[in-house]
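Just need the whole structure built from these sequences, with the hints factored in.
Just so you know, the protein sequences line up as chains S and V, in that order. full-length UniProt numbering applies: residue 1 is where the first sequence begins, and numbers increase by one. full-length UniProt numbering applies: residue 1 is where the second sequence begins, and numbers increase by one.
If you're looking for bench data, these hints aren't it; they were derived computationally from the structure. Certain hints may be false.
[Claimed, not checked] Some residues of chain V that are not near chain S, with every Cβ distance over 10 Å (derived):
hint, residue
1, ARG100
2, ALA176
3, ALA303
4, PRO337
5, THR498
[Claimed, not checked] With a Cα cut of at most 25 Å, we get these calculated DSS-like pairs of lysine-lysine:
hint, chain 1, residue 1, chain 2, residue 2
6, V, LYS493, S, LYS188
7, V, LYS27, S, LYS281
8, S, LYS184, S, LYS145
[As the list claims (entries may be wrong)] Covered, in the sense of this in silico footprint (three residues per stretch, anywhere, with C-beta under 8 Å from a C-beta of chain V), are these stretches of chain S:
hint, region
9, 65 to 71
10, 174 to 182
11, 346 to 358
12, 458 to 464
Cβ coordinates follow ideal geometry from the N, Cα and C atoms, glycine included.
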Amino acid sequence: MAKDHASGPDDYESLIEEVLEAYPEKARKKRAKHLQVSQTTDEAPDATTGIASKCDTTKSNIKSIPGVMTIRGCAYAGSKGVVWGPVKDMVHISHGPVGCGQYSWSQRRNYYIGKTGIDSFVTMQFTTDFQEKDIVFGGDKKLAKTIDEINELFPLSNGVTIQSECPIGLIGDDIEAVAKQKKKESGKTMVPVRCEGFRGVSQSLGHHIANDAVRDWVFEQEESEAVKAYEPGPYDVNVIGDYNIGGDAWASRILLEEMGLNVVGNWSGDATLAEIERAPKAKLNLIHCYRSMNYICRYMEEKYGIGWMEYNFFGPTQIAASLRAIAKNFDETIQENAEKVIAKYQPLVDEVIAKFRPRLEGKSVMLYVGGLRPRHVVTAYDDLGMVIAGTGYEFGHNDDYKRTGHYVKDGTLIYDDVTGYELEKFIEKIRPDLVGSGIKEKYPVQKMGIPFRQMHSWDYSGPYHGYDGFAIFARDMDLAINNPVWGMYDAPWETPAIAAE
Amino acid sequence: MPQSADKVLDHAPLFQQPEYKEMLAQKKINFECGHPDEMVKEIGDWTKSWEYREKNLAREALTVNPAKACQPLGAVFASQGYEATMPFVHGSQGCVAYYRSHLSRHFKEPSSCVSSSMTEDAAVFGGLINMVDGLANTKALYDPKMIAVSTTCMAEVIGDDLNSFIQQAKQKGSVAEDFDVPHAHTPAFVGSHVDGYDNMQKGILSHFWDKAERVEGEGLNIIPGFDGFAVGNNREIKRMLDEMGVDFTFLSDVSDVYDTPSDGEFRMYSGGTKLEEAKAALNAKATISLQEWCTPKTMEYIAGKGQETAALHYPMGIQATDEFLMKVSALTGKAIPGSLKLERGRLVDALADSQAHLHGKTYAIYGDPDFVYAMARFVMEMGGEPVHCLATNGGKKWAKQMEELLASSPFGKQGQVWAGKDLWHMRSLLDTEPVDMLIGNSYGKYLERDTGTPLIRLMFPIFDRHHYHRFPTMGYQGALNVLVKLLDTVFDKLDDDTIIPGETDYSYDLTR
Chain S
1 MAKDHASGPD
11 DYESLIEEVL
21 EAYPEKARKK
31 RAKHLQVSQT
41 TDEAPDATTG
51 IASKCDTTKS
61 NIKSIPGVMT
71 IRGCAYAGSK
81 GVVWGPVKDM
91 VHISHGPVGC
101 GQYSWSQRRN
111 YYIGKTGIDS
121 FVTMQFTTDF
131 QEKDIVFGGD
141 KKLAKTIDEI
151 NELFPLSNGV
161 TIQSECPIGL
171 IGDDIEAVAK
181 QKKKESGKTM
191 VPVRCEGFRG
201 VSQSLGHHIA
211 NDAVRDWVFE
221 QEESEAVKAY
231 EPGPYDVNVI
241 GDYNIGGDAW
251 ASRILLEEMG
261 LNVVGNWSGD
271 ATLAEIERAP
281 KAKLNLIHCY
291 RSMNYICRYM
301 EEKYGIGWME
311 YNFFGPTQIA
321 ASLRAIAKNF
331 DETIQENAEK
341 VIAKYQPLVD
351 EVIAKFRPRL
361 EGKSVMLYVG
371 GLRPRHVVTA
381 YDDLGMVIAG
391 TGYEFGHNDD
401 YKRTGHYVKD
411 GTLIYDDVTG
421 YELEKFIEKI
431 RPDLVGSGIK
441 EKYPVQKMGI
451 PFRQMHSWDY
461 SGPYHGYDGF
471 AIFARDMDLA
481 INNPVWGMYD
491 APWETPAIAA
501 E
Chain V
1 MPQSADKVLD
11 HAPLFQQPEY
21 KEMLAQKKIN
31 FECGHPDEMV
41 KEIGDWTKSW
51 EYREKNLARE
61 ALTVNPAKAC
71 QPLGAVFASQ
81 GYEATMPFVH
91 GSQGCVAYYR
101 SHLSRHFKEP
111 SSCVSSSMTE
121 DAAVFGGLIN
131 MVDGLANTKA
141 LYDPKMIAVS
151 TTCMAEVIGD
161 DLNSFIQQAK
171 QKGSVAEDFD
181 VPHAHTPAFV
191 GSHVDGYDNM
201 QKGILSHFWD
211 KAERVEGEGL
221 NIIPGFDGFA
231 VGNNREIKRM
241 LDEMGVDFTF
251 LSDVSDVYDT
261 PSDGEFRMYS
271 GGTKLEEAKA
281 ALNAKATISL
291 QEWCTPKTME
301 YIAGKGQETA
311 ALHYPMGIQA
321 TDEFLMKVSA
331 LTGKAIPGSL
341 KLERGRLVDA
351 LADSQAHLHG
361 KTYAIYGDPD
371 FVYAMARFVM
381 EMGGEPVHCL
391 ATNGGKKWAK
401 QMEELLASSP
411 FGKQGQVWAG
421 KDLWHMRSLL
431 DTEPVDMLIG
441 NSYGKYLERD
451 TGTPLIRLMF
461 PIFDRHHYHR
471 FPTMGYQGAL
481 NVLVKLLDTV
491 FDKLDDDTII
501 PGETDYSYDL
511 TR
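Structure below.
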């Protein structure tokens, strides 16, 4: 069913025009700034990808238009769902009405090892379940009591974060005062987070607020025993912005350890509070999801003098380049180890590519994901011979679009905060061989007869990071595209006879 | 190296490979600063004790693992059941992303809904502009026949007045004056998704009915309520009504919305209650709600219009289906045909064939109030004994109904009703007073893991099993499906318990 697209950039520009026609004028003007075709540029090509294009003429990180079916979420989703939620030995309270915590319960697949409900709490939904009286009279007392009950019933929890839902900021509650009081009483870390869903324009501000909460309510507190007891070593690094979705961080950690590095903290998939606290003692911050955690890396650089670098563990080309780039920050032993690791996994890479590339070569892909993957996974597709027809971010900023130019060629369709309508029309017209996006997009796309993979949750698969993850990624793209179901959409009695091959 | 291209290991086996197990063990020792294993074990055991149960049940402020969602989810679901209707939720946009995801994960289908995307400035100045622009954009892009407006808690807290906003938007030309924009205030901090369903249904019906004159006819309205099995159930209810020759209208029917074909076309709208039918439904003789707790305000409103009304508790099982059919018959004067009696007889036959395996089995049941009622009743019809009946969104009146139900049968003797409690309470209940089977939704899998109680998924949401919702649980045919699910659980457990060769497999019987 899925047909290879044959459209060039000119077609995409007229396609954008055509799609915009449906909007009322006010909305059309606004949306026009979010849609573009990547341009040629004089900048030098990226050393790893050999690509340079200009993608940052797109407007980004601004308010969504009402009524258009934006795919974006909110600040609470960015803080509780992304940054804090995976910290396993703390209890994260969805503070406010029941829904936010309910809909986000166990949905990001942040894998962890621990006894859930005893010493780990990731796949649980703790909420103050606001009632009308809490709105009218304020919820601080209920919050205080909630924390007391958590400390009593979950004595091994190492702290609490308070993830504010919309009403908190509107009714004037003082969650910071409650947090301070409870910290004083219990001695445990208490983190109030002002991530009310109406703040900002997407998940993105929630990431930023959550980062700031790490700074204010973990770093800038009295040093914990875990920190005092830790003796830093020369090879200590933190992995920042890996949420261990389907085990991503584990498939990454194994490579870093094989290189001889010590991963002191993994933020925040499978993390404990101690891993957050000790992070300032490391030598280098390795950041995967730049969008959601660059803020705290910049802070650690400024405050503790820890350097940070972006890396990419999607697909063997980027993995090898990243391993070498990481190793460059250390001595020759580590650099030699990096080469050994790359060499060790090369046979696996060769086998995976030999098996799957012929089945995927030339297939076109459209992506629409969050703040990192719209560019980061591109080279993993390149490694399999697949071509990116379009990509876009739910909540990317200008610096993300700038970086995207190192990943996608000119002539790629770029869409920011795409609406349901636009995405459907783009997909319908381009008819790529695969679309990678989220759960809300999955079923409409599949109805159209186009293979789809969820690229937030790895469609319940994963890991996709690291060499072990690449094998799964390649297998998944193959099973999505080459499943026989796509050939059964037309009833045979209605299909014109196809000449026998 | 554990991974290979030949046989790609997924996450479950991959991380069981020695390299990874060693890596994770070292991570724990060197970096996690966790509590000692003995302490974790000690606390773990304590959480299973009666002492812990008492503390747990004494909670006043904290809710852990509740079995309920918030009002707008129910409102969106109710709206989607009307012809070409776009649900429009006024308030923060993240909420809509959540409702759509939640519904899509359950039905494995598209779920369309828009938000008015209010942000900080709207929090200060109100969301009128968002309503004005939003309605215009929704109409232009998605060409709905109706836009059904509900609210997130943000809009409720700041006090946005939907009626006035919609009027102003119409005056500004966002949509035509006569375009249908019903609305309902659906504060997330009151009740749960079943109340949102109720409020939206009332909002839609009053939009159509308030200015109309009722001319009583012969028809019958059916309001299904919030139901994760709506695709299978609505069709089954309609089939039974067709068998009876009843002239009926479903008020909100998502069975085609959440079951569109894969043939190359994405249908944003499909089926649903025709708007003309919804208008004409005022003239029906009577309205039956299949779920009392999903429709108290709606049914009061309908009764106030002069219709006869009846509210049931999810017609699942023999007596509940009997009552449904008899109620329909009484209200319409149509006889229950032999074909349905035959189906009933076949169901009873199946129950008789299997009764030995279900008699005396004990159950914990949780979910929405009407479902729990129906499930407990059906369990008792099969000779089973409901021990724990829990509804996080059940109130005192529901608890009283449940207690009366349990008192009506000797099989209900040990039944306890837990209104307003959550699944962490349920964990304590299962640890201290264990049962043979747990009936609930996908969230119950954590209870299955922690307490070893086999879980049967019969309640929304079901994320980790596919396509259950396509098969009915209501009516005699639905009861048969439920029966098979219970029996499969019993037989699978029997086989699991007897599968060790040379040790337990003397009971690994071929015929059961």
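No chain S beta carbon within 10 Å of ALA303(V)'s: holds, 26 Å
Would you say the region 174 to 182 of chain S counts as covered by chain V, given the rule of at least 3 residues with C-beta under 8 Å? violated (count 0)
Please verify that the nearest CB of chain S lies beyond 10 Å from ARG100(V)'s CB. violated, 5 Å
Examine each Cβ of chain S, and state whether all of them lie more than 10 Å from the Cβ of ALA176(V). holds, 14 Å
Against chain S, does THR498(V) keep a CB gap of more than 10 Å to every residue? Given that every Cβ of chain S is farther than 10 Å from that of THR498(V), nearest at about 29 Å, it holds.
10 Å cut-off, C-beta based - PRO337(V) kept clear of every residue in chain S: holds, 34 Å
LYS184(S) paired with LYS145(S) [C-alpha distance capped at 25 Å]: Status holds; Cα separation ~15 Å.
Closer than 8 Å, Cβ to Cβ, for at least three residues: run that test on the region 458 to 464 of chain S against chain V and report holds or violated. With 3 residues closer than 8 Å to chain V, the region 458 to 464 of chain S meets the three-residue bar; holds.
Can you confirm whether chain V covers the region 346 to 358 of chain S, using C-beta to C-beta distances below 8 Å and requiring at least three such residues? Per the Cβ count (6), the hint holds.
With a C-beta cutoff of 8 Å, work out whether three or more residues of the region 65 to 71 of chain S approach chain V closely enough for the coverage to hold. holds (count 7)
With the threshold set at 25 Å, check whether the alpha-carbon distance from LYS493(V) to LYS188(S) stays at or below it. Violated, because 43 Å separates the two Cα atoms, which is more than 25 Å.
Verify the proposed pairing of LYS27(V) with LYS281(S), using a straight-line Cα cut of 25 Å. holds, 17 Å
Hint check: violations occur at hints 1, 6, 10; the rest are consistent with the structure.
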